[in-house]
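Asker: Dock chains B, C, D, E and F against the given chain A, drawing on the hints supplied.
There are 6 protein chains.
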Amino acid sequence: MKPVVVTGPPRADAGVVAALGRQGVATIHEAMGRVGLLGDTLRPVWPGAQAAGTAVTALCLPGDNLTVHLAVEQTQPGDLLVVTTTSPSVDGYIGELFTTALAARGVVGLVTTTGIRDVADITRAKFPAWSRAVNAQGTVKATAGEVNRPIAIGGMVIHPGDAVIADDDGVVCVPRRRTDEVLAACEQRTERESKARGAYAHGELSLDVNNLRGLVEQLGVEYVSWEDDAKQARDDG
Amino acid sequence: MKPVVVTGPPRADAGVVAALGRQGVATIHEAMGRVGLLGDTLRPVWPGAQAAGTAVTALCLPGDNLTVHLAVEQTQPGDLLVVTTTSPSVDGYIGELFTTALAARGVVGLVTTTGIRDVADITRAKFPAWSRAVNAQGTVKATAGEVNRPIAIGGMVIHPGDAVIADDDGVVCVPRRRTDEVLAACEQRTERESKARGAYAHGELSLDVNNLRGLVEQLGVEYVSWEDDAKQARDDG
Amino acid sequence: MKPVVVTGPPRADAGVVAALGRQGVATIHEAMGRVGLLGDTLRPVWPGAQAAGTAVTALCLPGDNLTVHLAVEQTQPGDLLVVTTTSPSVDGYIGELFTTALAARGVVGLVTTTGIRDVADITRAKFPAWSRAVNAQGTVKATAGEVNRPIAIGGMVIHPGDAVIADDDGVVCVPRRRTDEVLAACEQRTERESKARGAYAHGELSLDVNNLRGLVEQLGVEYVSWEDDAKQARDDG
Amino acid sequence: MKPVVVTGPPRADAGVVAALGRQGVATIHEAMGRVGLLGDTLRPVWPGAQAAGTAVTALCLPGDNLTVHLAVEQTQPGDLLVVTTTSPSVDGYIGELFTTALAARGVVGLVTTTGIRDVADITRAKFPAWSRAVNAQGTVKATAGEVNRPIAIGGMVIHPGDAVIADDDGVVCVPRRRTDEVLAACEQRTERESKARGAYAHGELSLDVNNLRGLVEQLGVEYVSWEDDAKQARDDG
Amino acid sequence: MKPVVVTGPPRADAGVVAALGRQGVATIHEAMGRVGLLGDTLRPVWPGAQAAGTAVTALCLPGDNLTVHLAVEQTQPGDLLVVTTTSPSVDGYIGELFTTALAARGVVGLVTTTGIRDVADITRAKFPAWSRAVNAQGTVKATAGEVNRPIAIGGMVIHPGDAVIADDDGVVCVPRRRTDEVLAACEQRTERESKARGAYAHGELSLDVNNLRGLVEQLGVEYVSWEDDAKQARDDG
Amino acid sequence: MKPVVVTGPPRADAGVVAALGRQGVATIHEAMGRVGLLGDTLRPVWPGAQAAGTAVTALCLPGDNLTVHLAVEQTQPGDLLVVTTTSPSVDGYIGELFTTALAARGVVGLVTTTGIRDVADITRAKFPAWSRAVNAQGTVKATAGEVNRPIAIGGMVIHPGDAVIADDDGVVCVPRRRTDEVLAACEQRTERESKARGAYAHGELSLDVNNLRGLVEQLGVEYVSWEDDAKQARDDG
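Sequence lines, in order, name chains A, B, C, D, E and F.
The opening position of the first sequence corresponds to residue 1 in my numbering, with each subsequent residue numbered one higher.
The opening position of the second sequence corresponds to residue 238 in my numbering, with each subsequent residue numbered one higher.
The opening position of the third sequence corresponds to residue 475 in my numbering, with each subsequent residue numbered one higher.
The opening position of the fourth sequence corresponds to residue 712 in my numbering, with each subsequent residue numbered one higher.
The opening position of the fifth sequence corresponds to residue 949 in my numbering, with each subsequent residue numbered one higher.
The opening position of the sixth sequence corresponds to residue 1186 in my numbering, with each subsequent residue numbered one higher.
Chain A extracted, bound-state conformation:
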């Protein structure tokens, strides 16, 4: 890997990204066909954090945050910084000085597979941030990686300029050219879910609302009374 900074990637449309942010991570993930999540290990630094922006990507070396410094320069308002490492590291790559700088540049959030520190300050400032760990462990500035090259987190590839949406449920990435299509699918899904919610609140069963009775029968699900089942269990020992 030669150190490189890619400049000026095209970004997903800001309005569409904002609209995706209002849909939330779980809905987008479902609307994309149940893909797009960046795994189950990224958690918000403070509960209730929400962000939707266009990805600036940084691939750092373990225990070395110099590449984050390079990446900050490439951000513009509406971006969301996404950081990972060439081999696993939960060191505290990013603290309050960085989030202060990012906020001053109009960056809307931060997602990292590393650790984060100064979390009390970041929480107080309500800067939206997601990480794999909280960790005071500092890093060096001795080696450089890549900025704005595609990176892969949790099986999902993130390209610079993709839409990244994050909330309490995790983080999802929508490829730049699919944002319109995914937003439309979200809106359809939200409408369907709204109807289901009303039905459930009135006591209807999801087996009926989702027309699952046929499948249940086809799968041969057997209904048996507790008395009969307990008797059988006693006989089987």
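Hints are computed from structural coordinates only; laboratory data are not their basis.
Where hints are given, some of them may not hold.
What the hints assert, rightly or not - Calculated lysine-lysine pairs in the DSS-like style (CA-CA distance at most 25 Å, straight line):
# : chain 1 : residue 1 : chain 2 : residue 2
1 : D       : K852      : D       : K713
2 : A       : K141      : C       : K669
3 : C       : K615      : D       : K852
4 : C       : K600      : B       : K363
5 : D       : K852      : C       : K476
6 : F       : K1311     : D       : K837
To be verified - Here are some chain D residues pointing at chain A (derived, C-beta under 10 Å):
# : residue
7 : P886
8 : R889
9 : D947
As the list claims (entries may be wrong) - Reference listing, derived: stretches of chain B covered by chain A, where coverage requires no fewer than 3 residues with Cβ under 8 Å from a Cβ of chain A:
#  : region
10 : 243-251
11 : 299-312
12 : 320-332
13 : 344-357
14 : 363-376
15 : 384-397
Nothing here was measured: the structure is a model prediction, and the numbers come from that model.
All residues carry an ideal CB built from backbone N, CA and C; glycine is no exception.
Answerer: Same frame as chain A, now just chains B, C, D, E and F:
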């Protein structure tokens, strides 16, 4: 495993279950003789969540929540849904639509070894829920497992109708026919602890309150001054 | 290991310890030369917890908290109890009765590599506590370990009387005789960071504030436009 | 939990247990309907270990192997000792002295969720043993748990006298009264697999041997050439 | 995700892939600029396994191996099957029947982020296989994923037709169009290492062979005698 | 942390270290009073590896093995290199070139909390090595840590010159000035165990050989027949 739904299991007495809920998980676990916990990996979705109900159990296949749909139909007011899988999965089996349905049916809480999603909504609605993870990852509805058969979580077997109590300290299960006995033991323990608390607040030592001095002597605990100990350490290198 | 209680270790100066507490864990860790952390697995029981005190150390056997009882007696106002085990255990060694006793003795906090229970009560009482897990699992009182001998957590050795500072970012230990020197280094660092913060808030880049441009050039970081990079990637397949 | 030793449980038939042993863990698990495994964390101490016996169960306290001493006395030829703990522990509960004693009593194997030590000696003696870890860490003998009460490992409940079969693929438990039925199902499965193996060795496809073409069509699986797919991907960005 | 099977992807040159296989995983990883590894969790089923082939990729759903059946049909001699899942699963997706079928088709190896079973048989047959776990747990065949679409494992993206090389050190992927360039870099590196090996065997120091003395000086490494260092440590307490 | 290399530490006596090596890790750990282990995560690269030497310690930065290069120069015949990092890293710090160099210098083994690579070559050369992981991931040479300063692994502090013994059961450290005392304790223990082994081989019970009957009675262990216990369980539900 053939798919089966067991109907109409007897439930532990609602009043006793509620009384157990007021005792809390740690006290019940101690009163049962230090057993009954469902391991150390189940955490509340929101801090302060508390629930006590009668178990409806669901054993799902990995990545497939159809069995949860089957289980919901078997719940009645005062129940608490307990979900696990045939092999480990932290996918997001359950979201806000499910908890809305459960709340509408009078179900008092949810415990699952899987992931949960829509946690911002569930937190807002203050529906008590415990899980191994928060995860937006969706599931399919293609295979059916078992409802209201005994399941094992963290070394504890949960039968349908057992009392399940959950709070910030974790989740405990009290077998249906032992609830009276356990409640009585809790009350004795609570009284003893109340006295100890008063003593500690006035500066008494737990070594004295618990009569541990004899044991300490019997175990040959040696008291040595820091100066002597530091000197010995220097000599030992 | 023979059971032993070391009495009367010298403590770090209370005023210096308090001043270190105002600096925070991340700053102290950096000021010490990026060492001193007790690993990345110790988390506060409640967000916002902060404590700075002089260490009383306890080395317990797995599943057995008798040594904690021995350690409490050795505490004095301004101390912070640090607990670990001879082999890994996340059982709930410490609950609200212990923290009530510690608070009554003027102990300022608790750090343990084990589990903690009664966390709702401890949170309500705002007693500062850090642990590897929350766990209702109870322990026995059958074997004794060591009190006020050096222990090692996360690669850092803690001697009795050392300064231990803990906050949302984790836990750090400052050797007793180095507290003055570390505090001075913290103050210098805080001043530098304050200036950087102001610069960042006005849009300056950390590459400039930290004079990193030369290093970036020396490392051969290449800047390339997105169009050129995307074309090269297509050619490489 | 009061310390108790249950004596003289009925055992599964030795001949049927031996026949199950020849079927192997994966086949038995499938024949039981894909249940019965003791999780995915138990590994053989030496590759190629195989054992099939009737369970003597031991539930120990963490870091304390006294209950194993109690359990050894309850073993008889053909038994297999199954050990777990009330809370997780990977201490080295069992070493070569124990396996020497077990071998002398005709015990055919050992399965434990704890650690094992003296593994070079155990390997040399070819005593079949499965554990969660290898660990030299010793234990105390201060508290007693339960022998020959049901225990749960990895979601499966093991009763004393059940058939336990272990090999390189893991460990499976067959309830005592179901051994005949499971053995019959194994034999049917083995026959089917033998036919499939022959077909595969001659180049037939599992899609055909298992009649999966219809399901594939029903699920709407689309076949697309690499050229068309690559073009679409380029268009999507 | 719609179920799709991509047919006929171009493959990396068989001769170059074989030559890469002779270089080994660590050398290739270094020659690529320290990238290309599929993480640190994939281990060979039997020690000494080695394989180099062209990737056929399969993305399965959790607990469901139907997509593996679809993928087998797409393999040709010289291929290596690479399997992962949409959410983490260590179920035993693949056993000896599959490896028998793969061997019959001339497939040279198997890499999967899931579990593998029948490992005694696979070891006996010396079929090269890497997995995250050994696990007897069976799977269903109810849902279909993707075959021969790009997948990401451990931060590396694998395209169908890429060269995949695996040995005791792990698994590395070389993009199809970069195989010549990487092979050439490997050969240069191997030559350099051969010289270094000779020097080391004769007692030369890597500090000299790699010309590191200048860097060491520049970093300000201080040399101090043990006596002086021990004295300082005593003074610091 | 300032980079430092401490030169010429005193070593434990070579003859005593060799004698400790013949006792094995588990025996030494017990003889030291059940302390001294470097945790349960260090595993031999090849089964059957054994080593006993005097520690040269290296504390590296994450993803950077420059400090290992510095440490090699400090080794002399009979030493054993012990490597750890300032924050957790499983990168492949050490490969066959290093072990070739170490062997040429008469170093008897290697213990590292990082990853190791080239394990096929190291296994072929039968160089004794223990690590937390096998990992092809390479490292940089950009920052320096400490050589021959005390380090802590798994709660145990290792000083340069201490005796380190490693085998299939793990790794143990004996402080330099305690080697004679520990060896004597090992010899006593080995004699006792030899007698016990003979008794067990003849069918005696450990309850009797270790005089545990009195303790069992004192703990109130109850013996109950399976029939009575099963009846009680049915009544309890």
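Asker: Cut-off 8 Å, C-beta pairs, minimum 3 residues; does the coverage of the region 299-312 of chain B by chain A stand?
Answerer: n = 5 at 8 Å, threshold three: holds.
Asker: Using C-beta distances, would you say chain A covers the region 384-397 of chain B, given that this needs three or more residues below 8 Å?
Answerer: holds (count 3)
Asker: Within the assertion that chain A covers the region 243-251 of chain B, do at least three residues meet a Cβ-to-Cβ distance smaller than 8 Å?
Answerer: holds (count 5)
Asker: So is the region 363-376 of chain B in contact with chain A by the C-beta rule, three or more residues under 8 Å, or is the coverage claim wrong?
Answerer: holds (count 6)
Asker: With chain A as the partner, please determine if P886(D) meets the hint condition of a C-beta pair closer than 10 Å.
Answerer: holds, 6 Å
Asker: Are the Cα atoms of K141(A) and K669(C) separated by 25 Å or less?
Answerer: Holds, at roughly 20 Å.
Asker: Confirm or reject the coverage of the region 344-357 of chain B by chain A under the rule of 3 or more residues with a beta carbon closer than 8 Å to the chain's beta carbons.
Answerer: holds (count 5)
Asker: Decide if the proposed pair is consistent with the structure: K615(C) and K852(D), CA atoms, cutoff 25 Å inclusive.
Answerer: holds, 13 Å
Asker: Verify the proposed pairing of K600(C) with K363(B), using a straight-line Cα cut of 25 Å.
Answerer: holds, 23 Å
Asker: Does the CB of R889(D) sit less than 10 Å away from some CB of chain A?
Answerer: With a minimum Cβ separation of about 6 Å from chain A (threshold 10 Å), the hint on R889(D) holds.
Asker: Next pair to validate is K852(D) with K713(D); report whether the Cα-Cα distance is within 25 Å.
Answerer: Cα-Cα ~16 Å, so holds.
Asker: Take the C-alpha atoms of K852(D) and K476(C), compute the straight-line distance between them, and say whether it is at most 25 Å.
Answerer: holds, 15 Å
The earlier numbered hints are all upheld by this structure, with none contradicted.
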